[in-house]
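Here's the letter readout for the chains.
There are 2 protein chains.
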Amino acid sequence: MATITKVSPLAPAAFPDLPVIDGVTFATMAAGVKYQGRTDVMLALLAPGTTVAGVFTKSSTRAAPVLDCQAKLGGPSDGAAAILVNSGNANAFTGKGGVAAVEAITAAVAQTCGVEQERVFTSSTGVIGEPLPAERITAVLDRLHRDQNPDQIEAAAQAIMTTDTFPKGAMAQVEIDGKTVSIAGIAKGSGMIAPDMATMLVYIFTDAVASQNALQAMVTRHADRTFNSITVDSDTSTSDTLLVAATGASGVSIDGNAAFEVALHGVMQDLAHQVVKDGEGATKFVEINVTGATTDADAKTHAMAIANSPLIKTAIAGEDPNWGRVVMAVGKSGAPADRDLLSIRFGDIEVATKGFVSPGYAEADAAAHMKGTDIRIGVDLGMGTGASTVWTCDLTHGYIEINADYRS
Amino acid sequence: MATITKVSPLAPAAFPDLPVIDGVTFATMAAGVKYQGRTDVMLALLAPGTTVAGVFTKSSTRAAPVLDCQAKLGGPSDGAAAILVNSGNANAFTGKGGVAAVEAITAAVAQTCGVEQERVFTSSTGVIGEPLPAERITAVLDRLHRDQNPDQIEAAAQAIMTTDTFPKGAMAQVEIDGKTVSIAGIAKGSGMIAPDMATMLVYIFTDAVASQNALQAMVTRHADRTFNSITVDSDTSTSDTLLVAATGASGVSIDGNAAFEVALHGVMQDLAHQVVKDGEGATKFVEINVTGATTDADAKTHAMAIANSPLIKTAIAGEDPNWGRVVMAVGKSGAPADRDLLSIRFGDIEVATKGFVSPGYAEADAAAHMKGTDIRIGVDLGMGTGASTVWTCDLTHGYIEINADYRS
Numbered sequence: 001m002a003t004i005t006k007v008s009p010l011a012p013a014a015f016p017d018l019p020v021i022d023g024v025t026f027a028t029m030a031a032g033v034k035y036q037g038r039t040d041v042m043l044a045l046l047a048p049g050t051t052v053a054g055v056f057t058k059s060s061t062r063a064a065p066v067l068d069c070q071a072k073l074g075g076p077s078d079g080a081a082a083i084l085v086n087s088g089n090a091n092a093f094t095g096k097g098g099v100a101a102v103e104a105i106t107a108a109v110a111q112t113c114g115v116e117q118e119r120v121f122t123s124s125t126g127v128i129g130e131p132l133p134a135e136r137i138t139a140v141l142d143r144l145h146r147d148q149n150p151d152q153i154e155a156a157a158q159a160i161m162t163t164d165t166f167p168k169g170a171m172a173q174v175e176i177d178g179k180t181v182s183i184a185g186i187a188k189g190s191g192m193i194a195p196d197m198a199t200m201l202v203y204i205f206t207d208a209v210a211s212q213n214a215l216q217a218m219v220t221r222h223a224d225r226t227f228n229s230i231t232v233d234s235d236t237s238t239s240d241t242l243l244v245a246a247t248g249a250s251g252v253s254i255d256g257n258a259a260f261e262v263a264l265h266g267v268m269q270d271l272a273h274q275v276v277k278d279g280e281g282a283t284k285f286v287e288i289n290v291t292g293a294t295t296d297a298d299a300k301t302h303a304m305a306i307a308n309s310p311l312i313k314t315a316i317a318g319e320d321p322n323w324g325r326v327v328m329a330v331g332k333s334g335a336p337a338d339r340d341l342l343s344i345r346f347g348d349i350e351v352a353t354k355g356f357v358s359p360g361y362a363e364a365d366a367a368a369h370m371k372g373t374d375i376r377i378g379v380d381l382g383m384g385t386g387a388s389t390v391w392t393c394d395l396t397h398g399y400i401e402i403n404a405d406y407r408s
Numbered sequence: 409m410a411t412i413t414k415v416s417p418l419a420p421a422a423f424p425d426l427p428v429i430d431g432v433t434f435a436t437m438a439a440g441v442k443y444q445g446r447t448d449v450m451l452a453l454l455a456p457g458t459t460v461a462g463v464f465t466k467s468s469t470r471a472a473p474v475l476d477c478q479a480k481l482g483g484p485s486d487g488a489a490a491i492l493v494n495s496g497n498a499n500a501f502t503g504k505g506g507v508a509a510v511e512a513i514t515a516a517v518a519q520t521c522g523v524e525q526e527r528v529f530t531s532s533t534g535v536i537g538e539p540l541p542a543e544r545i546t547a548v549l550d551r552l553h554r555d556q557n558p559d560q561i562e563a564a565a566q567a568i569m570t571t572d573t574f575p576k577g578a579m580a581q582v583e584i585d586g587k588t589v590s591i592a593g594i595a596k597g598s599g600m601i602a603p604d605m606a607t608m609l610v611y612i613f614t615d616a617v618a619s620q621n622a623l624q625a626m627v628t629r630h631a632d633r634t635f636n637s638i639t640v641d642s643d644t645s646t647s648d649t650l651l652v653a654a655t656g657a658s659g660v661s662i663d664g665n666a667a668f669e670v671a672l673h674g675v676m677q678d679l680a681h682q683v684v685k686d687g688e689g690a691t692k693f694v695e696i697n698v699t700g701a702t703t704d705a706d707a708k709t710h711a712m713a714i715a716n717s718p719l720i721k722t723a724i725a726g727e728d729p730n731w732g733r734v735v736m737a738v739g740k741s742g743a744p745a746d747r748d749l750l751s752i753r754f755g756d757i758e759v760a761t762k763g764f765v766s767p768g769y770a771e772a773d774a775a776a777h778m779k780g781t782d783i784r785i786g787v788d789l790g791m792g793t794g795a796s797t798v799w800t801c802d803l804t805h806g807y808i809e810i811n812a813d814y815r816s
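Top to bottom, those sequences are chains A and B.
Heads up: the first sequence at position 184 corresponds to 184 in our numbering, and the numbers run straight through without jumps.
For any residue, its number in our numbering is found by taking its place in the second sequence, counting from 1, and adding 408.
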């Protein structure tokens, strides 16, 4: 693994102050799965009755723990539950041994913590294709069980990092019927980020009361406009996992509650943006806003073509308002576009209007916008009402440095 | 434009010795379209009766000269014809002014050279979105007409370069019925290279006798497995143009002739490989060979997902046989794959067999292959008989350097 010496320039000033979620406890350990001198296993225990919803990578080569989680979602939710995550090894492309490792770990967690094995969810993140040394994880389970603490979510965020340069957390609280419902989430991810799913690993906890069906529907809906609307390098992980757990400890039901849904969306978007801001080598955070497309899906196709274009991402790194490359990306996306209806903005500067450079456009104005760290590119197709917003980062020497010797 | 100081390390030792094609003459000029101190306009005149076939970008924002060429293909072919190409400005996203520039240039060429305007084909390559100063081109037409010479194809290859670090040429000769038929071609392109079309600009000339229909069918067939099977950065130009002109001067008809088709394929593949070898920042030439897919189209989808993956391209730059990233790319491609049937090779080294690391695989062996400049990645899906071969290059600091300040 390349030595990561610098925290992303786009990182938040500090890890946020996250509320304790009643019904959730955490512990972390340095199990030596691969890394030395840092924590690499996180165990979260969830109170009896916690409902768990999830969204996963659509990769056809997805890892054993992902397949195991997918099989378990929607099962009985009366007992306690557990989430165990290790970093350093993705347990992906590891054949029958990988399946056996998941079986061994989930059985051991079930036995140690008194949780049904059907309620033990695991994720693994790190190198693909190397056998996961499950015994290093099971060897620390007693200690992980003993150390459980409701106040350790930041430590959990740190234990699941791989090439991340900062731990990622987000929170929201909403008042419903005079009571406070809290949401706290953590995420990891900085490379191999693209839909679907965008983020490597995300765990969100709430003390809301939610049926599994309603929670799953809400999570799926918002994953599409948050974690599935970001890209760092167009590459899709074999391990991407988002789990949302509702312990019910607040006593407040949020099925169909709009305020809760807005709050959850906010937490998911915040974590999604943090993943982009930790994009490998990123120096700019980029929002791509496409409007006027024939459909929302077409708008997203255009937006992702722009967000994934190496020529656009390098132009942003070079602070060059190179709108010709935006035209190129729209043209290649495959979704409908009419060159002579197309308008393009950098920040608030309209650079091209209906297929031609805007009257009075001065490149110095757009260039000034490009010097910031928050870049906005707007494209209006002029054809319909379809719209989409996606987020990405620039493509810099840092990306090459990190990825040309990840395993060395 | 960034200063290109170094020729690609993958460049051929010298421009090849191309045969004169009877019925084709060339001239070049420094018209100052954008660049200073170099030639930037090329005019080729084609003998009466020359048939012209073409393949073009599928971009929905394609440039005015491309639309003009597409409209003219398949028209009457009894008179003389002309191909005029400028570098420095793509005349793309230039609105009605762009169309007018094409009209002005083709009319002037027709008048100066005594060619029907319907037989004048133009291409423009360079920056997008800036009005093309057509008058700088028409101002040098008299001289371009006067200087026509059959032996100037290398100068033509130089005049059409933009970020290219070397001019690209290829040739073949075949004996048919005791007579020699010659093919000579030139190409330019190093960035914004992806299907469809892969190559920016390609012009191939032959003295064969060919009907337009037969020539077009042959060119389309082979474009798919040559220029549409290469990628540098997944970005698709608004200007990509391939024109093949058959003057008939040899008196040998090649309609349905297999030997000619093989020779033409060879010239097209050679030029396609040279474009990849001049990929911006390239230090490795990479062949991706996918077999065992459900269909040829699925094989190509997998091959292109591998060839376009930034994580794989940076691993190749780092000489890292990171086959886990190949698994990832196959998984994300969207085409059918079964993790447990997948086998992967680097060079002749089988690194993964049926979903798991190969018995006896030693990373040092694969690492030795990665140190070369010709890298071969083989993937067998184990599902069917679909196959595809595509070519790409690695992703290096050089790509970032060239593209982060192209316009500065």
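It should be emphasised that the hints constitute simulated quantities derived from the structure, not laboratory data.
Just so you know, even glycine gets a beta-carbon here, dropped at the ideal spot from N, CA and C.
Mixed in with the good hints there might be a few duds.
Listed next, the in silico SDA-like pairs over lysine to any residue satisfying Cα-Cα at most 20 Å (straight line) [claimed, not checked]:
| # | chain 1 | residue 1 | chain 2 | residue 2 |
| --- | --- | --- | --- | --- |
| 1 | A | K371 | B | E809 |
| 2 | B | K762 | B | T699 |
| 3 | A | K354 | B | P539 |
| 4 | B | K480 | B | Y443 |
Okay, the calculated beta carbon distance ranges per label pair [unchecked claim]:
| # | chain 1 | residue 1 | chain 2 | residue 2 | range |
| --- | --- | --- | --- | --- | --- |
| 5 | A | E261 | B | D748 | 35 to 41 Å |
| 6 | B | E543 | A | K58 | 51 to 57 Å |
| 7 | B | D632 | A | Q36 | 46 to 52 Å |
| 8 | B | T781 | A | P131 | 49 to 55 Å |
| 9 | B | Q525 | A | P336 | 29 to 35 Å |
Exercise for the section: For D632(B) and Q36(A), compare the CB-CB distance with the range 46 to 52 Å and indicate the outcome. Expected result: holds (51 Å)
Cβ separation of E261(A) and D748(B), checked against the hinted range 35 to 41 Å: holds (39 Å)
Has the given pair, K371(A) with E809(B), been kept, meaning a C-alpha gap of at most 20 Å? holds (17 Å)
Cβ distance range 49 to 55 Å for T781(B) and P131(A), holds or violated
violated (33 Å)
Practice problem: With 51 to 57 Å as the target window, see if E543(B) and K58(A) comply at their CB atoms. | Solution: Given a distance of about 54 Å, which is inside 51 to 57 Å, the answer is holds.
Check your understanding: Is the gap between the beta carbons of Q525(B) and P336(A) within 29 to 35 Å?
Key -> holds (32 Å)
Sort out whether T699(B) lies within 20 Å of K762(B), counting only the CA atoms. Status holds; Cα separation ~13 Å.
If you draw a straight line from the CA of K480(B) to the CA of Y443(B), is it 20 Å or shorter? violated (29 Å)
Discussion item. For a C-alpha distance cap of 20 Å, please report whether K354(A) and P539(B) respect it.
Written reply: With Cα atoms ~15 Å apart, K354(A) and P539(B) stay inside 20 Å; holds.
Against the hints set out earlier in the document, violations occur for numbers 4 and 8.
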